[in-house]
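Engineer: In the order they appear, the protein sequences are chains P and R. Our numbering puts the first sequence at residues 1 to 161. Our numbering puts the second sequence at residues 162 to 241.
Simulated from the structure, these hints should not be mistaken for lab results. Heads up, a few of these hints could be off.
Unchecked claim - Interface residues of chain P toward chain R, partial, derived using beta-carbon atoms under 10 Å:
id, residue
1, D27
2, L30
3, L41
4, T44
5, L67
6, P79
7, D84
8, D97
9, T106
10, L119
11, I145
Claimed, not checked - As a list, the in silico DSS-like pairs of lysine-lysine whose alpha-carbon atoms are at most 30 Å apart:
id, chain 1, residue 1, chain 2, residue 2
12, P, K159, P, K15
13, R, K163, P, K16
14, R, K226, P, K142
15, P, K15, P, K137
16, P, K137, R, K211
17, P, K137, R, K234
18, P, K72, R, K194
19, P, K19, R, K211
20, P, K137, P, K56
21, P, K112, P, K16
22, P, K56, R, K218
23, P, K85, P, K112
24, P, K159, P, K111
25, P, K125, P, K159
26, R, K205, P, K137
27, R, K163, P, K159
28, R, K163, P, K19
29, P, K85, R, K205
30, P, K142, P, K112
31, R, K211, P, K112
32, R, K211, R, K234
33, R, K205, R, K226
34, P, K19, R, K234
35, P, K137, P, K111
36, P, K125, P, K144
37, P, K56, R, K226
38, P, K144, R, K234
39, P, K137, P, K85
40, P, K125, P, K16
The beta carbon of each residue, even a glycine, is placed where N, CA and C say it ideally should be.
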Amino acid sequence: MDQNISRPATFEDLKKLIKALNEQDADYILIGGYALYAHGLYRTTTDIDILTIPTKEAGEKIVNALLVLADKSAENIDPAWFEDKDTIRLADEIVVDIMFNAAGETYDTLKKYIEIIELDGIRLKTLNLAGLLLTKKTFRDKDKIDRAVLEQALKFLQKGK
Amino acid sequence: MKIVGNRKETEIVFNASADKIIEGALFNDETQKILPPPRGFIVKGVYHFKTHEEANKHWEESLAKQVSAYGSKHLPPRNF
Numbered sequence: 001m002d003q004n005i006s007r008p009a010t011f012e013d014l015k016k017l018i019k020a021l022n023e024q025d026a027d028y029i030l031i032g033g034y035a036l037y038a039h040g041l042y043r044t045t046t047d048i049d050i051l052t053i054p055t056k057e058a059g060e061k062i063v064n065a066l067l068v069l070a071d072k073s074a075e076n077i078d079p080a081w082f083e084d085k086d087t088i089r090l091a092d093e094i095v096v097d098i099m100f101n102a103a104g105e106t107y108d109t110l111k112k113y114i115e116i117i118e119l120d121g122i123r124l125k126t127l128n129l130a131g132l133l134l135t136k137k138t139f140r141d142k143d144k145i146d147r148a149v150l151e152q153a154l155k156f157l158q159k160g161k
Numbered sequence: 162m163k164i165v166g167n168r169k170e171t172e173i174v175f176n177a178s179a180d181k182i183i184e185g186a187l188f189n190d191e192t193q194k195i196l197p198p199p200r201g202f203i204v205k206g207v208y209h210f211k212t213h214e215e216a217n218k219h220w221e222e223s224l225a226k227q228v229s230a231y232g233s234k235h236l237p238p239r240n241f
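The shape of chain P in the complex, shown without the other chains (with noise of 0.2 Å):
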């Protein structure tokens, strides 16, 4: 294997990560491809995608987490660039997507959409299917895609409520 790429994100690396951001009291919210897994929308994903807040201590917090990677690349990231809200992509192990706004959607307004999940006893904080589908509102391809299954089963969950 080639040891200059990133390999592909496992669940084992997903239970790792989170519990990680867990013990440092991170702010975060999982989305993307592992996200839509919680809500039975399944389709490949390579990386682990979360949302957090743009100050330098959610910064500290989720910094500290993700030295739990092997190569602890984290150590480059300096928590201050949060305040900048750039998206900041860490290639360690895996890869880590690390971002401020998905569909200009933040942390803040999307607070009222996270539901916590308990994953083999590590507690899990992602959105419920009505704050998933707000993050997949992009232009990327993937995203029209995701969006007409989640919208479509949205329609079809509201009719039979």
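Based on the hints, put chain R in the right spot on chain P.
Structural biologist: For chain R alone, coordinates are given in the frame of chain P:
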């Protein structure tokens, strides 16, 4: 319309479910194993992107480079 097979599609649910995330993540783990190594395509490091467009471009270009590197190493040369 002719329906062949009886496999049921997974149900989409409004509330996040631990069982679903486990099922999806294990499906993903198995799917990734089908791909030839190195399976990933992002060169290790820390990156900043001002916009989602930039982040997406980096993702797509990294994938394209990896596909092309794999092709030139494992596939016979072709004239396009």
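Engineer: Please write out, lowest number first, the hints stated earlier that are contradicted by the structure.
Structural biologist: 1, 5, 6, 9, 11, 12, 13, 17, 28, 32, 34, 37 and 38
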